[in-house]
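For the record, the sequence lines run as chains L and D.
Heads up: the first sequence is residues 0 to 340, going by numbering that gives the first Met the number 0.
Heads up: the second sequence is residues 0 to 340, going by numbering that gives the first Met the number 0.
These are computed hints drawn from the structure, not numbers from a lab.
Don't be surprised by glycine CBs; every beta carbon is placed ideally from N, CA and C.
Keep in mind that the hints are not guaranteed to be accurate.
What the hints assert, rightly or not - Which chain L residues face chain D? A few, computed with CB under 10 Å, are given here:
1. 152
2. 191
3. 235
As the list claims (entries may be wrong) - Result set (EDC-like, lysine to aspartate or glutamate): computed pairs, CA atoms no more than 16 Å apart in a straight line:
4. 213(D) to 305(L)
5. 253(D) to 305(D)
6. 51(L) to 25(L)
7. 220(D) to 305(D)
8. 213(L) to 305(D)
9. 213(D) to 229(D)
Protein chains: 2
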Amino acid sequence: MSQSFDIAVIGATGTVGEALVQLLEERDFPVSTLHLLASGDSAGQSVPFRGKNLRVRALDGFDFSQVRLAFFAGSPAVTREYASRASEAGCSFIDLSGALSLDDAIRVVPEVNADVLAGLKAPYRLTSPCAPVVALATALAPLHPLLDLRQVCAMACLSVSTLGREGVNELARQTAELLNARPLEPRFFDRQAAFNLLAQVGEVDSEGHALLEKRMVSELKQMFRISALDVSATCVQAPVFFGDSLSVMLRSEKVIDLQAICAALDDAQGIERVESPDYPTVVGDAVGQDVVYVGRLRCGLGNPHELNLWIASDNVRKGAALNAVQLGELLIKDYLSKILT
Amino acid sequence: MSQSFDIAVIGATGTVGEALVQLLEERDFPVSTLHLLASGDSAGQSVPFRGKNLRVRALDGFDFSQVRLAFFAGSPAVTREYASRASEAGCSFIDLSGALSLDDAIRVVPEVNADVLAGLKAPYRLTSPCAPVVALATALAPLHPLLDLRQVCAMACLSVSTLGREGVNELARQTAELLNARPLEPRFFDRQAAFNLLAQVGEVDSEGHALLEKRMVSELKQMFRISALDVSATCVQAPVFFGDSLSVMLRSEKVIDLQAICAALDDAQGIERVESPDYPTVVGDAVGQDVVYVGRLRCGLGNPHELNLWIASDNVRKGAALNAVQLGELLIKDYLSKILT
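Go ahead and model the full structure; you've got the sequences and the hints to work with.
Structure follows, in structure tokens:
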């Protein structure tokens with residue numbers, strides 16, 4: 000990649016936005032000018048990039064025609080307000096908020112469905128799927144050709160960083176209060192989250208489904224292009240700071256060949272398989288790493304059509320910022336750079 | 000219950016054994032003489048019961064013909080060594096260790112399959128199922144007649160008290176070390192368990208299944224008398240002190256009637272249903288309570304044959320000690336008292 004591009008990062012001061020800027024630097028992303036933008040009070044702060052402190056400017060009034068690619072790492076409301084302005088100015092974007100419909104901004108994980116980009120035209124409107132889907136899709140991609148996938152049942156235990164810095168701070172505060180035997184007054188969560196599991200993440204609709212659960216089902220179906228794929232998803236809030244853990248049960252029409260499954264995972268990009276009786280966890284394995292960890296591979300008890308697995312992934316990196324940056328790299332290398340030349 | 004019986008509790012100094020003795024007192028269990036027994040070093044300790052401190056005696060050499068009913072709340076090895084001695088002495092027993100096969104000591108939860116007792120003869124050899132099964136079976140029992148149950152997929156997030164007092168102490172110690180930014184040296188667990196999720200509880204066999212997962216599958220099948228019931232189970236170790244949380248996905252041949260399901264749960268014994276958007280958790284709801292909490296009832300996304308639910312239950316009480324005591328009460332009232340008269 001000899002060309003470099005002017006890029007914008009919206010929501011640069013949040014957990015994911017900060018990780019994104021750090022990854023742009025770490026991975027030597029071909030940036031000429033990096034525009035850091037935020038709405039509201041965050042404008043005016045500085046974020047380090049390539050040895051300088053870049054000032055975060057107000058998103059309002061930003062001229063998107065100055066940049067070729069924008070990362071939307073702010074709230075869904077910000078994406079909803081500014082994404083069309085970016086497109087209209089000819090700026091491709093990668094949204095991380097999930098605000099846009101499947102049709103409006105297609106979900107892409109490079110290891111899973113990079114080929115869909117060939118059917119699209121600039122300016123690109125893409126979404127990095129929600130973190131549990133990035134992890135699950137990355138693990139499923141190499142298995143998919145070996146399975147005649149009929150059913151996916153996933154329980155995702157999400158870390159408090161899913162809810163941003165406030166979630167992290169509140170788990171730390173609650174834990175300290177409890178260990179010091181002080182009375183607990185929940186603030187950010189509606190109850191004790193420390194040493195507890197909350198059965199839902201975010202609000203639920205009138206039928207009881209949380210937004211993230213609906214995203215898991217619809218985004219997986221889109222990415223694997225199986226509209227009839229039978230997916231059940233539950234998201235639970237775990238007292239864990241960083242990293243998502245998923246327990247997954249798959250059913251295949253074909254009998255599972257566990258050796259072939261393991262070999263396919265070992266050969267796959269972006270995956271680290273952990274052999275039983277060891278298993279991966281978010282703390283110690285996945286957090287801070289770019290790969291998705293997969294373990295506890297086993298067939299069903301007496302059911303050779305069932306495959307169970309456990310996934311541990313860094314929700315802020317591979318689950319969000321890293322996937323978006325990888326997608327940006329792919330977009331620049333195979334698409335945006337070719338438009339210029 | 001006007002009669003009272005001489006009873007033995009084996010493993011009286013463990014987490015479950017202590018809860019059991021406390022429940023015998025709280026529930027005014029018809030005990031004449033209570034024999035507290037333990038193997039190894041625990042003999043010689045005292046446990047409070049009805050205002051006195053009862054001395055725990057050595058199990059070795061105990062004459063089981065002195066008692067009509069024994070609770071085995073010690074390790075599986077202790078049950079394996081002494082259960083047959085109890086039976087041979089005419090003493091009925093309720094095992095809480097899960098050491099004995101399904102055929103050797105039938106699994107019973109009073110709310111689920113009390114009727115099986117009618118087909119048995121004294122001395123009774125019974126097992127209180129593992130805690131996640133007690134919780135799950137209690138929740139399923141009232142639903143079963145409304146569903147044509149085809150599939151059960153359960154992910155159980157178990158508290159560290161599943162592993163006894165050492166598990167509880169180690170989670171507290173690890174958490175304090177981490178909050179005080181001291182280097183962590185795991186002792187009881189093989190890695191950091193605080194602020195982390197461990198993908199398996201206990202050792203796994205050569206095929207990757209943990210003993211508790213195998214118990215969940217086989218015990219559920221026995222209790223619902225559906226040998227072809229399609230059950231998938233995963234047990235995960237959560238950084239929670241007390242209480243088990245289960246995320247459960249059910250499939251029924253019939254379309255789910257969610258209103259009827261809710262009504263059946265509301266009418267059922269031993270269950271507290273929590274209406275969405277609220278939901279139950281172990282801390283604040285289930286722990287210390289005798290009932291099993293059920294919430295997050297919802298159909299599948301676009302699948303009216305799917306029912307999802309969340310269960311929170313006190314693993315030491317209803318999951319173990321309380322269920323065993325309730326089973327003892329049932330046994331005495333309907334069976335053992337009739338043998339005497």
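Residue 235(L) as an interface hint toward chain D, with CB separation required under 10 Å: holds (6 Å)
Pair hint residue 213(D) and residue 305(L), alpha-carbon separation not exceeding 16 Å: holds (15 Å)
16 Å Cα cutoff - pair residue 253(D), residue 305(D): Roughly 9 Å between the alpha carbons, so the hint for residue 253(D) and residue 305(D) holds.
Hinted contact residue 152(L) with chain D - closest CB pair below 10 Å: holds (5 Å)
Restraint status (C-alpha distance of residue 220(D) to residue 305(D) at most 16 Å): Not OK: residue 220(D) and residue 305(D) at ~19 Å, beyond 16 Å, violated.
Pairwise hint evaluation, residue 229(D) against residue 213(D), where the allowed Cα distance is 16 Å at most: holds (13 Å)
Distance restraint between residue 51(L) and residue 25(L), which requires alpha-carbon spacing of 16 Å or less: holds (14 Å)
16 Å limit on alpha-carbon distance, applied to hinted pair residue 213(L) and residue 305(D): holds (15 Å)
Cut-off 10 Å, beta-carbon criterion: hint that residue 191(L) touches chain D: holds (5 Å)
Consistency note: the structure conflicts with earlier hint 7 alone.
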